[in-house]
Amino acid sequence: MAKRFFTRIRGRVSGVFQKRFWVTLSVFFALVGPGIITSNVDNDAGGITTYSLAGSEYGLSLLWILVPVTFALIIIQEMCARMGVVTGKGLSDLIRERFGAKITFYLMIILFLTNLGNTISEFAGVAASLEIFGISKYISVPIAAVFVWWLVIKWNYKSVEKVFLVACLFYLSYIVSGVMGDPDWGEIGTAFVQPDLRFDAAYLTMAIGIIGTTIAPWMQFYLQSSVVDKGVRTADYRYIRMDVIVGSFMVNVVAFFIIMLCAVTLFQNGIQIETAKDAALALEPMAGKYCSLLFAFGLLNASLFAASILPLSTAYTICEAFGWESSLDHKFVEAPQFYGLYSLTVFLGAGIILFPNFPLIWIMYYTQVLNGLLLPVVLVFMLLLVNDRRLMGQYANGWTMNVLSWVTVSALVILSLSMVVSLIQAG
Amino acid sequence: MALQYSDPQVFLFLSQILGKRVLNRRNKKIGKVMDLVVGLVEPYPIVTEVLLSPAGSRENYCVPWSRVLEMDRVLRVDDFSPEECRRPENREGEIFLKDTLLDKQVVDTNGAKVRRVNDLQFLKAHNLLHLVHVDVGFRGLMRRAGLVKPMDVFLQGLMDYTLADQFIAWKYIQPLSSPDLLKLKIAQDRLSQIHPADLADIIEDLDIHQRAAVFQSLDIETAAETLEETDPKIQVSLIKELKPEDASDIIEEMSLNEAADLLADLPKHQAEGILSEMEQDIAEDVKELLALPEEKAGGLMTTAFLSYPPTLTVGEALENIRREAEDMDFAYYVYVIDADEHLLGMMSLRELLVSPPEGKLEDFMDTRIVSVNIEEDEKEIANMFAKYGVMAIPVVDDDERMMGVIIFRNILEIIAPHLGK
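Read top to bottom, the protein sequences are chains A and B.
If you count the first sequence from 1, position 261 lands on 260 in numbering that gives the first Met the number 0, and the numbers rise without skipping.
If you count the second sequence from 1, position 240 lands on 239 in numbering that gives the first Met the number 0, and the numbers rise without skipping.
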């Protein structure tokens with residue numbers, strides 16, 4: 000009995016590995032990209048700052064939150080990717096067609112402002128990380144802006160996507176620097192199994208901050224559009240789902256190493272930091288020069304990466320909603336709104352950083368408020384759309400998926416609104 | 000602007016009508032306007048029904064437009080019997096405007112572009128509403144957002160500028176939201192007005208479902224020409240949607256080398272299925288081309304060209320051209336070959352026309368021919384086109400036997416990407 004069972008299993012396994020496995024793997028690598036890129040952009044300058052702060056202020060006690068965050072990220076992104084594959088349309092396109100011009104118009108204005116705010120913080124990240132290497136922001140930021148602009152305008156999207164995927168690999172620098180921090184793995188395991196839950200306001204604000212930086216409104220639009228761009232057929236949908244799941248895990252593995260590194264070094268030595276740059280600098284005496292430099296390099300990579308994608312996503316999303324030509328394959332004169340919006344976001348985002356004494360904190364504050372207000376609307380719209388059988392047919396949410404997604408979305412809506420309330424009270 | 004408030008409104012927008020309160024004769028509110036139904040008549044569709052959302056929570060229903068007494072701030076309707084109403088279901092020859100047009104994508108067949116509908120404009124005459132224009136402009140978008148007045152004040156005050164409306168006449172509009180709308184005769188007439196190269200751009204701009212619907216609504220010849228101009232990746236996705244017999248009909252109409260390139264991109268079993276459905280002789284020619292590498296001369300050439308023996312007269316050649324040119328990919332040059340297919344010379348159509356009909360080809364042909372070997376690299380071929388300024392270059396094998404012709408158009412696809420954006 001047992002023997003027959005094992006022969007059968009072996010037959011299955013070797014079968015899988017012989018042909019189907021390689022077919023599957025090659026299709027996966029042809030379609031890979033949207034999910035992994037979108038997720039990794041979540042670990043942008045703002046994300047890294049939040050994780051560093053979480054680790055240095057609360058040690059390992061916030062690590063557990065990465066588990067529900069991964070789960071929520073998969074649930075939300077899977078729906079977006081599914082909508083992209085089945086309808087062949089971007090999210091802003093679907094929102095416009097279903098909810099009309101008025102709502103879409105105001106939604107796009109808010110999205111533009113939050114994306115602009117985030118782009119500013121990415122360029123601030125570029126400035127901060129290169130200051131560690133001794134380069135002034137008046138040199139680094141203009142070069143970064145021109146580089147980003149040139150990369151996207153002069154190359155076609157296929158090559159840009161490959162550059163982006165390479166950028167995703169550079170996130171490994173955080174894993175390396177995390178290991179260099181020489182952590183106590185047993186203690187970390189315990190932090191996951193027996194999470195140290197606390198209920199003071201600051202702790203909860205930090206928890207919400209981690210969720211907010213990982214699940215942002217713009218990424219649903221970006222993910223869906225890039226899935227559509229890939230022209231994936233419904234038969235190949237499972238590869239996109241794999242892509243999304245891999246991406247969601249990757250982003251949280253990186254987050255884990257950042258929080259962990261800051262916890263075992265900064266927190267244990269009681270060092271207070273305010274920015275990711277502080278974290279990189281403070282790491283040097285404790286974890287070594289290379290660890291500190293790797294941390295700074297990771298920040299630079301993440302900021303540049305997100306600074307390329309956010310403006311691109313903004314231009315795509317808005318043009319799609321309003322029916323303007325939106326493609327990197329067109330010339331400037333053929334798609335003036337697209338290139339205009341893209342260039343405006345890049346150069347405004349970079350330009351504001353160069354103002355002496357510009358109020359970065361103030362901009363970040365309002366960006367977070369707008370993000371928190373926008374996310375619930377986008378998520379609820381998404382749920383309504385993904386349940387529309389006229390649109391999705393047999394790929395609409397099933398009963399289980401609906402329970403999971405409504406619970407996730409409700410939790411996220413409550414959390415983002417409570418963050419907005421606490422921000423306004425604090426502000 | 001003043002006109003809008005004085006007497007009868009001549010033009011009005013769908014966005015102004017949607018959401019209006021609906022009152023009966025006794026000024027009692029019975030619901031609000033959800034949508035308008037038009038009958039697709041030429042030249043301008045006429046509103047036939049109003050979709051009402053009743054004041055209670057009952058289901059929406061349609062009321063005939065003939066019951067509408069007046070339309071101003073509110074819509075006033077005469078009493079109607081329940082039999083006159085119907086549930087909102089799609090019927091042939093009618094469309095629900097908000098549902099199928101507003102905020103959706105349409106093709107502007109005049110400008111050959113995909114546009115998004117911001118609003119619809121009606122002409123009101125004799126109590127009938129005629130759909131005349133589709134608004135695709137920024138002004139329409141601002142009207143929908145409720146910001147048109149602030150925008151006007153702002154632009155006028157700041158720059159002494161008024162943003163004009165951007166309308167497209169209904170006769171140039173092809174809706175896309177349902178495949179049924181593309182099957183109508185009128186749709187095919189409209190789409191056939193667009194140049195295949197523009198149709199290809201339009202198809203590339205659409206989503207997967209609309210692409211297939213538009214493509215499948217084209218007649219075979221237009222479909223083939225459009226397919227030739229489409230991005231290879233999209234070509235494959237369009238052909239994959241078709242049954243092999245339908246695909247083969249279209250591919251037969253394409254030029255041989257384009258057909259071969261397309262079949263080479265398809266999965267093997269699918270390409271074989273299509274080849275077996277194709278006419279024998281075309282399938283044979285395509286298979287020969289399929290065997291050659293795409294980036295060499297052999298992969299760029301077509302085998303559908305005109306060739307004659309040297310002893311043929313000019314008159315006979317011209318008569319033959321008249322019969323055969325239809326099926327050729329290229330007919331401006333004719334090639335003179337011997338019994339073993341060795342290339343001896345060539346003549347252009349113009350030279351044929353000005354030569355005496357009774358003269359033999361060998362006496363008038365140009366023997367200073369530029370040809371390339373079948374293994375020649377595409378870059379070198381592009382250089383030769385630039386150097387000799389010809390419309391086509393013949394391809395020969397190692398024994399100088401003529402194998403095919405590379406047309407300028409086919410080399411253009413290779414050099415165009417290097418010309419910069």
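These are calculated hints, taken from the structure and not from any lab test.
Some hints here could point you the wrong way.
[What the hints assert, rightly or not] Listed below are the simulated SDA-like cross-link pairs for lysine to any residue, each with C-alpha atoms no more than 25 Å apart in a straight line:
#, chain 1, residue 1, chain 2, residue 2
1, B, 123, B, 144
2, A, 101, A, 112
3, B, 267, A, 112
4, A, 161, B, 233
5, B, 232, A, 112
Verification of the supplied hints:
With a C-alpha separation of about 24 Å, the suggested pair residue 123(B) and residue 144(B) falls inside the 25 Å cut-off, and the hint holds. Simply put, residue 101(A) and residue 112(A) have alpha-carbon atoms about 17 Å apart, close enough for the 25 Å limit, and the pair holds. A hinted pair counts as satisfied when its Cα atoms are at most 25 Å apart, and residue 267(B) with residue 112(A) does not qualify at roughly 49 Å. For the suggested pair residue 161(A) and residue 233(B), the alpha carbons sit about 21 Å apart, so the restraint of at most 25 Å is met.
Distance restraint check for residue 232(B) and residue 112(A): the Cα-Cα separation of roughly 35 Å exceeds the 25 Å cut-off, and the hinted pair is therefore not satisfied.
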